[in-house]
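Number of protein chains: 2
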Amino acid sequence: MSETEKVIELAKRRGIFWPSYEIYGGIGGLYDIGPIGTRIKNKIVNLWRQIFVEDNNEFVVEIETPIITPEKVFKASGHIDRFTDPIVECNKCHKVYRADHLVEEFAHISAEGLNTTEITSLIRDKGIRCPSCGGDFGDVREFNLLFGTTIGPYSDSKGYLRPETAQGMFTSFKRVYDSSRQKLPLGIAQIGRVARNEISPRQGLLRMREFTIMEVEFFMDPEDKDVPLWKYGEDIIRVLTAELKQKKEEKPISYKVSELVSEKAVINPWMAYWMATANKFVKELGISENNIYFEEKLPHERAHYSSQTFDQMIVLGNDKIEISGHAYRGDYDLSNHAKSSGQDLTVFKKYSTPITVKKKSVIINKDKLNNEDKNLIKDFMKRISNLSPEQIETLIKMDEKINGKSLSEFVSVVEREEKESGKKFYPHVVEPSFGVERCLYISVANAYREKKDRIVLSLPPKIAPYEVAVFPLLERGELVERARKIYLMLKTGFDVMFDDSGSIGKRYARSDEIGVPFAITIDPQTLQDDTITIRDRDTWDQIRVKEGELINTLKELVINKKR
Amino acid sequence: MSETEKVIELAKRRGIFWPSYEIYGGIGGLYDIGPIGTRIKNKIVNLWRQIFVEDNNEFVVEIETPIITPEKVFKASGHIDRFTDPIVECNKCHKVYRADHLVEEFAHISAEGLNTTEITSLIRDKGIRCPSCGGDFGDVREFNLLFGTTIGPYSDSKGYLRPETAQGMFTSFKRVYDSSRQKLPLGIAQIGRVARNEISPRQGLLRMREFTIMEVEFFMDPEDKDVPLWKYGEDIIRVLTAELKQKKEEKPISYKVSELVSEKAVINPWMAYWMATANKFVKELGISENNIYFEEKLPHERAHYSSQTFDQMIVLGNDKIEISGHAYRGDYDLSNHAKSSGQDLTVFKKYSTPITVKKKSVIINKDKLNNEDKNLIKDFMKRISNLSPEQIETLIKMDEKINGKSLSEFVSVVEREEKESGKKFYPHVVEPSFGVERCLYISVANAYREKKDRIVLSLPPKIAPYEVAVFPLLERGELVERARKIYLMLKTGFDVMFDDSGSIGKRYARSDEIGVPFAITIDPQTLQDDTITIRDRDTWDQIRVKEGELINTLKELVINKKR
Numbered sequence: 001m002s003e004t005e006k007v008i009e010l011a012k013r014r015g016i017f018w019p020s021y022e023i024y025g026g027i028g029g030l031y032d033i034g035p036i037g038t039r040i041k042n043k044i045v046n047l048w049r050q051i052f053v054e055d056n057n058e059f060v061v062e063i064e065t066p067i068i069t070p071e072k073v074f075k076a077s078g079h080i081d082r083f084t085d086p087i088v089e090c091n092k093c094h095k096v097y098r099a100d101h102l103v104e105e106f107a108h109i110s111a112e113g114l115n116t117t118e119i120t121s122l123i124r125d126k127g128i129r130c131p132s133c134g135g136d137f138g139d140v141r142e143f144n145l146l147f148g149t150t151i152g153p154y155s156d157s158k159g160y161l162r163p164e165t166a167q168g169m170f171t172s173f174k175r176v177y178d179s180s181r182q183k184l185p186l187g188i189a190q191i192g193r194v195a196r197n198e199i200s201p202r203q204g205l206l207r208m209r210e211f212t213i214m215e216v217e218f219f220m221d222p223e224d225k226d227v228p229l230w231k232y233g234e235d236i237i238r239v240l241t242a243e244l245k246q247k248k249e250e251k252p253i254s255y256k257v258s259e260l261v262s263e264k265a266v267i268n269p270w271m272a273y274w275m276a277t278a279n280k281f282v283k284e285l286g287i288s289e290n291n292i293y294f295e296e297k298l299p300h301e302r303a304h305y306s307s308q309t310f311d312q313m314i315v316l317g318n319d320k321i322e323i324s325g326h327a328y329r330g331d332y333d334l335s336n337h338a339k340s341s342g343q344d345l346t347v348f349k350k351y352s353t354p355i356t357v358k359k360k361s362v363i364i365n366k367d368k369l370n371n372e373d374k375n376l377i378k379d380f381m382k383r384i385s386n387l388s389p390e391q392i393e394t395l396i397k398m399d400e401k402i403n404g405k406s407l408s409e410f411v412s413v414v415e416r417e418e419k420e421s422g423k424k425f426y427p428h429v430v431e432p433s434f435g436v437e438r439c440l441y442i443s444v445a446n447a448y449r450e451k452k453d454r455i456v457l458s459l460p461p462k463i464a465p466y467e468v469a470v471f472p473l474l475e476r477g478e479l480v481e482r483a484r485k486i487y488l489m490l491k492t493g494f495d496v497m498f499d500d501s502g503s504i505g506k507r508y509a510r511s512d513e514i515g516v517p518f519a520i521t522i523d524p525q526t527l528q529d530d531t532i533t534i535r536d537r538d539t540w541d542q543i544r545v546k547e548g549e550l551i552n553t554l555k556e557l558v559i560n561k562k563r
Numbered sequence: 001m002s003e004t005e006k007v008i009e010l011a012k013r014r015g016i017f018w019p020s021y022e023i024y025g026g027i028g029g030l031y032d033i034g035p036i037g038t039r040i041k042n043k044i045v046n047l048w049r050q051i052f053v054e055d056n057n058e059f060v061v062e063i064e065t066p067i068i069t070p071e072k073v074f075k076a077s078g079h080i081d082r083f084t085d086p087i088v089e090c091n092k093c094h095k096v097y098r099a100d101h102l103v104e105e106f107a108h109i110s111a112e113g114l115n116t117t118e119i120t121s122l123i124r125d126k127g128i129r130c131p132s133c134g135g136d137f138g139d140v141r142e143f144n145l146l147f148g149t150t151i152g153p154y155s156d157s158k159g160y161l162r163p164e165t166a167q168g169m170f171t172s173f174k175r176v177y178d179s180s181r182q183k184l185p186l187g188i189a190q191i192g193r194v195a196r197n198e199i200s201p202r203q204g205l206l207r208m209r210e211f212t213i214m215e216v217e218f219f220m221d222p223e224d225k226d227v228p229l230w231k232y233g234e235d236i237i238r239v240l241t242a243e244l245k246q247k248k249e250e251k252p253i254s255y256k257v258s259e260l261v262s263e264k265a266v267i268n269p270w271m272a273y274w275m276a277t278a279n280k281f282v283k284e285l286g287i288s289e290n291n292i293y294f295e296e297k298l299p300h301e302r303a304h305y306s307s308q309t310f311d312q313m314i315v316l317g318n319d320k321i322e323i324s325g326h327a328y329r330g331d332y333d334l335s336n337h338a339k340s341s342g343q344d345l346t347v348f349k350k351y352s353t354p355i356t357v358k359k360k361s362v363i364i365n366k367d368k369l370n371n372e373d374k375n376l377i378k379d380f381m382k383r384i385s386n387l388s389p390e391q392i393e394t395l396i397k398m399d400e401k402i403n404g405k406s407l408s409e410f411v412s413v414v415e416r417e418e419k420e421s422g423k424k425f426y427p428h429v430v431e432p433s434f435g436v437e438r439c440l441y442i443s444v445a446n447a448y449r450e451k452k453d454r455i456v457l458s459l460p461p462k463i464a465p466y467e468v469a470v471f472p473l474l475e476r477g478e479l480v481e482r483a484r485k486i487y488l489m490l491k492t493g494f495d496v497m498f499d500d501s502g503s504i505g506k507r508y509a510r511s512d513e514i515g516v517p518f519a520i521t522i523d524p525q526t527l528q529d530d531t532i533t534i535r536d537r538d539t540w541d542q543i544r545v546k547e548g549e550l551i552n553t554l555k556e557l558v559i560n561k562k563r
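If you're matching them up, the sequences are chains A and B in order.
Mapping of the first sequence onto our numbering: position 33 corresponds to residue 33, and the numbering continues sequentially without gaps.
Mapping of the second sequence onto our numbering: position 532 corresponds to residue 532, and the numbering continues sequentially without gaps.
Bound conformation, chain A alone:
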């Protein structure tokens, strides 16, 4: 079994995750998160909420918007036109494949950035045939990954399931802005389900048809210089820049957070802020910082709305897996929704002191003009009506004539000073975006260890399904009763499980496999001298402590355990 298969086997057996609708043979890309998986997942979500929302609660708020989205929204966002994958159908058995994956797998050529005609030619030229029946392929076409549906009883009311939560933040931006502090920066976070109708979902949690996203749409003034990078002080961020990739380099460069800005690795300092935040979060999932780096996407690899994108990558054995994406969406979304909806989605930026601007304006000499004949008036108005003050000024300088008379007789341009207290503009958007199930999978796979033929899931206590397991050594009345008492006492301060069935060895094995960092055992000696055994999941070392010291000892152990 490969490492991945081993993780998937454990996940199934211990209630972490498994394919949905198994009794009906399963559906590709849909997974259930089991009892243990849901505990870990909920902790990952809360950790993200703490680090991305609560720790930034001066400027980040959380909202919830629907999955079902009317067509107009995805027309404006570009998803109807561009959220597609190239597919190709076998002429014989009618099986459908991702065309780019076929080319990559059978011709070892990257098809990223190629259009359908180019991929069709490649398939023909390389003689790629249906891997399932050997038949030949039709033409490559674009397949839209949005799940479609109909809203209400009228068949023309089309809707789609969102493939990202982002559009909910863009369409409600004005309402959130107005109902909160009415200041930039304003981060709008959302944790919610999304769906993508993948052609070939992968086994496991990495390419799913339905999953949970945690993302922030961070609206800011692109000229904002007041970015609290100091929060991440000397933190190191490893980046494989687009420049390095073009040189075929594979080794990321280490930057201090502030250096990302000073060395222009990011196009806006807020990109650095959120990348540093993501770095912190991922380290708390138990990933060593040597196994985290950001890979900048080349222009043709980026989504249509992005002017700079980094994928945060995790090294897991021989694999490199994307755990988050960091896109600079600029004003793409807000300006498109403003255009499509006809609503003003700009914000007003007040200058610290009003500025004086010189403005030219046109003054028509009405008294003089009204003395002229109708034709001249008409021709005059026609000539100047669509011109700017600057253009009229040029015509005057060139001594333009209307019906033989100088334009300057009827019109002049003057320059005046005006005070402006601020300006309207579309905020720009930085978007850090995580897939929850990816975080779950990566955390579990990263924590997977084998020790003397047994499996240990070395999860950090913060995301372990329980912090402490309580076991009576034997299924004997007094021991069970005492263990229950201790369990109830610990429950007020820890996330505790109780298990009294099966041999103690089996119970240790089970709690190691689901990643419980500490197991405490109540044995006959406890009844005599009030001491309790604490066993460490990773070292299997045991210590005995007095019951009175149990809570403090456990607190210290939990805080000090790195993973």
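A few of these clues could be false.
What the hints assert, rightly or not - Result set (SDA-like, lysine to any residue): computed pairs, CA atoms no more than 25 Å apart in a straight line: (1) A:K225 - A:V176; (2) A:K506 - A:K561; (3) B:K555 - A:L490; (4) B:K491 - A:G493.
Bear in mind the hints are in silico, worked out from the structure with no lab data behind them.
Based on these hints, arrange chain B on the given structure of chain A.
Frame of chain A, contents of chain B only:
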């Protein structure tokens, strides 16, 4: 403005909830939950998880399953055939209406339980015409409320969005059972999005097209007598039984939890357990117990899978609003999925001591039979092959002949005693089910007060968006700095907000409107004598305490504040 309109206005203005996609004119039945609403909602979800899952963690686990569901599942569950509402279309303007609502609104007759032909006749007889254009109506037909979609690239792979999370628990029941303690009772909880394609969604959060459900599918042995009703001791549950309703009574009867069982108001004691749990949860949302009762559904009002249903109702002003449903689903779902999938979904129940059962079995006298000719052997085998031992015994008694020879020459039936250690059976299911947005709406509407022309949201501290607001009295450097210090100190123990913009009066008004129970103010006197003002949201009373006593005083105030 009605009370409802006032709540909706406040919700929009203060970021609690508002219609989704407002900039595109909105879509009926879809709502965004805003920054303040999401804080309240997350607390309601966590409170539910505490009371329904964590407090029952010996037998309840939480899982997560997909929204997108293949057609087979809803065929087996009965939703494809029966999850419908009657609709009728205007022949002139083609507007579509809920047929039963039309009859109720314009003829004041309840259409519950009537079929489409009967409603069609009623509409004709009562001369009901299109309220929008006055046109006449076509025939009433059933409209399925499942949102449909297509999974993957093949158009025949139909899927639907789940209208309840329940089917995810039924289809994964065996996997959850096997990966956890393999014992009944086993409650499987889920908190997740569902969608129902309502014809006429209501304004606000009460009948939405997409919402979040929190529910438990509680699998148990219907003979289980070991139900921990003692947990709810003397708690009173008010019930309007079906019997009372049939007598046109409107006043619920008060039962102690144990009396629900002894007086046979519920068909299984676990129904009483979960109704008592729901009662506790709803009281913690701030609802007075005098405004909570359970209404039993009449047989024709129940969903197709239920053999007893109670709606938990909340009295809000003149309205009665359903906050949760309690259905006894029996083995309807597991047995149907077993049939449709061909999988064994029973559990094995071990008897405490093996029981002896008498079993008849058939013994064929092979020696004798083999001496007969082939035709007789063939006829003999044909005659008995599909018969039970009992049926063969009857034939022998009636001296049945095969080709002129007695059947009893070749076959006999004997009775033997066998030991059985247990039996296989389908667990029965009790389902308590809450809509999260309904809980949010009801909590907010219930907390809505007006005091001297101002609005106060008297939420219990447990579900308030923040517990404490920190305000510097003036926007003056020293005060702001001191207030920030106190804010950071309080942040470790409380859910705190900081606000330093606008007049202190406006800030008090804002924090009252979003339901923050306590506001503390740092004023010039603080700088002199280290005292701080604590203001109560509901009484507007203020007390001054020393900074050193602030944390303990606040802790006490928060714990003691009922609402």
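Hint check:
no.	hint	result
1	A:K225 - A:V176	holds, 23 Å
2	A:K506 - A:K561	holds, 24 Å
3	B:K555 - A:L490	holds, 22 Å
4	B:K491 - A:G493	holds, 19 Å
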